[in-house]
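Please model the complete structure; the sequences and the hints are all you need to start from.
Residue numbers (the working numbering), protein chains in the order written: chain A, 1 to 278; chain B, 1 to 278.
Since copy identity is lost for identical chains, a pair holds within one copy or between any two.
Below are the SDA-like pairs computed for lysine to any residue, each with C-alpha atoms no more than 25 Å apart in a straight line:
1. 27 to 57
2. 27 to 88
3. 137 to 157
4. 176 to 123
5. 176 to 126
6. 137 to 161
7. 176 to 122
8. 176 to 264
9. 176 to 121
Just so you know, the hints here were simulated from the structure itself, not pulled from any lab data.
There are 2 protein chains.
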Amino acid sequence: MVKEYIHPLDAAVSIQPSSRQSDRCIKFEGAPSPDYQNINGQLGGITAATMLNGALQHPEATGTPVCFTNNFCEPMADERFEIAVRLDRGGRHTQFLSIRMRQRGNIIASASAVLSTRRNSWSHHPARAPSVPSSIKIDPAPVGTSPQWLNRYQFRFVEGLPDLSPREDGDIRSAKSILWINDWPIRPLDHLSLLGMSDVFFLRLLQVRGTFPPMSTVSMTTYFHASPDEIAAEGEGAVLGVADARVFHAGFHDQCAELWSKDGRLLVSSTQIVWFRD
Amino acid sequence: MVKEYIHPLDAAVSIQPSSRQSDRCIKFEGAPSPDYQNINGQLGGITAATMLNGALQHPEATGTPVCFTNNFCEPMADERFEIAVRLDRGGRHTQFLSIRMRQRGNIIASASAVLSTRRNSWSHHPARAPSVPSSIKIDPAPVGTSPQWLNRYQFRFVEGLPDLSPREDGDIRSAKSILWINDWPIRPLDHLSLLGMSDVFFLRLLQVRGTFPPMSTVSMTTYFHASPDEIAAEGEGAVLGVADARVFHAGFHDQCAELWSKDGRLLVSSTQIVWFRD
Numbered sequence: 001m002v003k004e005y006i007h008p009l010d011a012a013v014s015i016q017p018s019s020r021q022s023d024r025c026i027k028f029e030g031a032p033s034p035d036y037q038n039i040n041g042q043l044g045g046i047t048a049a050t051m052l053n054g055a056l057q058h059p060e061a062t063g064t065p066v067c068f069t070n071n072f073c074e075p076m077a078d079e080r081f082e083i084a085v086r087l088d089r090g091g092r093h094t095q096f097l098s099i100r101m102r103q104r105g106n107i108i109a110s111a112s113a114v115l116s117t118r119r120n121s122w123s124h125h126p127a128r129a130p131s132v133p134s135s136i137k138i139d140p141a142p143v144g145t146s147p148q149w150l151n152r153y154q155f156r157f158v159e160g161l162p163d164l165s166p167r168e169d170g171d172i173r174s175a176k177s178i179l180w181i182n183d184w185p186i187r188p189l190d191h192l193s194l195l196g197m198s199d200v201f202f203l204r205l206l207q208v209r210g211t212f213p214p215m216s217t218v219s220m221t222t223y224f225h226a227s228p229d230e231i232a233a234e235g236e237g238a239v240l241g242v243a244d245a246r247v248f249h250a251g252f253h254d255q256c257a258e259l260w261s262k263d264g265r266l267l268v269s270s271t272q273i274v275w276f277r278d
Numbered sequence: 001m002v003k004e005y006i007h008p009l010d011a012a013v014s015i016q017p018s019s020r021q022s023d024r025c026i027k028f029e030g031a032p033s034p035d036y037q038n039i040n041g042q043l044g045g046i047t048a049a050t051m052l053n054g055a056l057q058h059p060e061a062t063g064t065p066v067c068f069t070n071n072f073c074e075p076m077a078d079e080r081f082e083i084a085v086r087l088d089r090g091g092r093h094t095q096f097l098s099i100r101m102r103q104r105g106n107i108i109a110s111a112s113a114v115l116s117t118r119r120n121s122w123s124h125h126p127a128r129a130p131s132v133p134s135s136i137k138i139d140p141a142p143v144g145t146s147p148q149w150l151n152r153y154q155f156r157f158v159e160g161l162p163d164l165s166p167r168e169d170g171d172i173r174s175a176k177s178i179l180w181i182n183d184w185p186i187r188p189l190d191h192l193s194l195l196g197m198s199d200v201f202f203l204r205l206l207q208v209r210g211t212f213p214p215m216s217t218v219s220m221t222t223y224f225h226a227s228p229d230e231i232a233a234e235g236e237g238a239v240l241g242v243a244d245a246r247v248f249h250a251g252f253h254d255q256c257a258e259l260w261s262k263d264g265r266l267l268v269s270s271t272q273i274v275w276f277r278d
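What follows is the structure, given as structure tokens:
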């Protein structure tokens, strides 16, 4: 018997209907993925993708993702979780959903999704992708094999390769990184993988200062700017990621990310706010 | 008897504890403000500020706002609303709250707030405010008196004064606006007014194309980058607003905004996603 191949991302976001259903909430169960472990619990973008997967499985979820906000209340423990998806507002064209993830009854993450049927419309692209060499001309960066999630992506840096050895030289570097990103093993792009990729950029504090204080993303919001057909047309291709930050102050810093298609279309924009103690 | 003066913003965001309390939700009641009416219901930023006000009145809400996401499910009708605030995750330093606004039992807006005790930390400001004339050197723009909310702000444009007469010339203009903004009448800045100001920028589709198709903000996320003391120190001053957009495609466009202090510190960054039919 041949075992069907399942990509680690599909395994990570896979959830099962829970036996504890209620009238107003659709519930699922799942487990953290060993493939996407970060220093302190599972990579946030994969937790987000798992919760989005729950929203997409709601029976009234007919649209595709327009935006997704995920609040990370605490790191995921190494035990099973429950996801509750509630339809706040349904509609033929647009649906609003709230999602909560619990472990041992405590909410460890909350999220909201807006889904919509994407239509053709007036199209205008004032922002431009940075001009960079194609991904095949750049070798994957040796960013290490631990934590485990680093093995699940390839990063080809155009600019801003992080110096991952902690340094105390006081040198303040640019917050900006530009890099080609693909799942590893490669996998066709979809909303779930793009949401995961929104969170693969090293936290900008590390990038800028080279120190490793306690830090974690508190909230991340991701917007999807392409239609499902356009995302599917990208196939297994790499996306061009741009990450930056504007301000580190009063215990938090922002982080902005963009994911561009090979032909220079903005597929995703994402922002997050990061707590740090430094 | 002298009637105490109440600023229109404080009147707009004012809510009263509801008689229908539950164990897990704190509930409030309120009404749309005639002072902040937009073309189709109340200005979204004021609805957001009203919901944030509900979160801040939760008895376990000891922190101040770090981020706030508001999903606008449908325009506010001209009738009373209820706000339900639920503490998803409490803590001494950080609290996560979910907020839902209902009219006639239907959810018309959902939101999430992260509050935290802001501390002194390493501080770094790689982003810079644009170099502009001071607000007192610019006259308020005559942006009209209807809808009503236009009377509640003064806008002093440095760049990107919108052409509010619908035009069909096909000319595609820059999505960027730079302008000084203050409440009118003036009012000391706080998190509520800054959240309102995050949403005072004309939707970028109007700015760029000059057409008025059906359009509305679907979701807005706002990050606060200054401590409460720093915001209070701004007094009744104007903030420098920068608005822009990157992509209009498949029925939606993004909109990014920044609010800078007079001395060039980033107080707020905000993003929204806007539905349009065009």
